[in-house]
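In order, the protein sequences belong to chains S and D.
According to the working numbering, the residues represented by the first sequence are 1 to 101, in order.
According to the working numbering, the residues represented by the second sequence are 102 to 237, in order.
Do not rely on the hints blindly, as some may be mistaken.
What the hints assert, rightly or not - The calculated BS3-like cross-link candidates involving lysine-lysine, where the alpha carbons are at most 27 angstroms apart (straight line), are:
#	chain 1	residue 1	chain 2	residue 2
1	S	K74	S	K42
2	D	K164	D	K180
3	D	K164	S	K14
4	D	K154	S	K42
5	D	K164	S	K74
6	S	K14	S	K42
7	S	K42	S	K66
8	S	K57	S	K42
9	D	K202	S	K66
10	D	K107	D	K180
11	D	K154	D	K202
12	D	K107	D	K202
13	S	K14	D	K154
14	S	K74	S	K14
15	D	K213	D	K108
16	S	K57	S	K14
17	D	K164	D	K202
18	S	K66	D	K154
19	S	K74	D	K202
20	D	K202	D	K108
21	D	K180	D	K202
22	S	K14	S	K66
23	S	K74	D	K154
24	D	K164	S	K66
25	D	K213	D	K180
26	D	K107	D	K213
27	D	K108	D	K180
Said to hold, decoys possible - So, partial list: chain S residues that the calculated Cβ filter (under 10 angstroms) puts toward chain D:
#	residue
28	Y38
29	D64
30	L65
31	D83
What the hints assert, rightly or not - Computed footprint of chain S on chain D; a stretch qualifies when at least three of its residues, placed anywhere within it, have a C-beta under 8 angstroms from a C-beta of chain S:
#	stretch
32	141-152
33	157-164
Keep in mind that the hints were calculated from the coordinates and are not lab data.
Quantities reported herein were computed from a predicted structural model and do not represent experimental measurements.
Note that beta-carbon positions come from the ideal geometry of N, C-alpha and C, so glycine has one too.
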Amino acid sequence: MSTLHTVNKSPYEKSSVGSCLAHVNSGSAILFYEDAVYATIKGASIEQLVTGTEGVKLYALGADLKARGITDDKLIDGVEIVDYAGFVDLAAEHDRVQAWV
Amino acid sequence: MSEDIKKFMYLNRRAPHGTIYAWESLEVVLIGAAFDQDVSLAFFDDGVYQLLKSQDTSGIETKNFSPTYSALGDYDVTKLYVEQESLEERGLTLDDLMDLKWEDEDDDWAEKDSIRLVSRAELTDIIEQQDIVFSF
Chain S
1 MSTLHTVNKS PYEKSSVGSC LAHVNSGSAI LFYEDAVYAT IKGASIEQLV
51 TGTEGVKLYA LGADLKARGI TDDKLIDGVE IVDYAGFVDL AAEHDRVQAW
101 V
Chain D
102 MSEDIKKFMY LNRRAPHGTI YAWESLEVVL IGAAFDQDVS LAFFDDGVYQ
152 LLKSQDTSGI ETKNFSPTYS ALGDYDVTKL YVEQESLEER GLTLDDLMDL
202 KWEDEDDDWA EKDSIRLVSR AELTDIIEQQ DIVFSF
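So that you can see chain S by itself, here it is in the shape it has in the complex (with noise of 0.2 angstroms):
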């Protein structure tokens, strides 16, 4: 029983990612999509809150990625880039899709 979670709100900004790190279970996903992604970029303040949940997988789609020109080299290591058509599968694959808005 696994769940897919989305978030697309910065984490400096709404608590959303922050909340959606603190009830996420390990065997689930997060999905990071629109301002979101901003919480997948390495060395800053909320890191050690992302990596920190045991067994979850984490995604971040690319288009945003590319949009805010975070390129991969700044990524957390871990982070998979995903594009629209992953973003489905992601949540065809899991039990329910859980959305952080």
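We have chain S; now place chain D onto it with these hints.
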């Protein structure tokens, strides 16, 4: 005339593509530049993301307005204050930002940096020196 010149500062605190704030700010700055005032911009909190290099919005089908920041110098908007602490909190450095320049006509058109890195305390003081502050 000179006593009519006011210090205008635009505060940019939002990330560029998720909402319209950043683009709207840029539009207002360009319109305001026509009025011969002393204009400066501040980038802090998520606003520092507006100046990141290599933004390419082709995949999200929105206008990429980031190249427009490099045109600000031509409108005599030459003071872009960027807060150091906001960059650091976000895992960024000055090298991650666009290399924005302006040409100083009083100095044989020498190319100068538009971005001025300032501390949170310095930015606070700079804002306090303004006549008019616009928030985006």
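I'd like to know which numbered hints this structure contradicts. Please list them from smallest to largest. none
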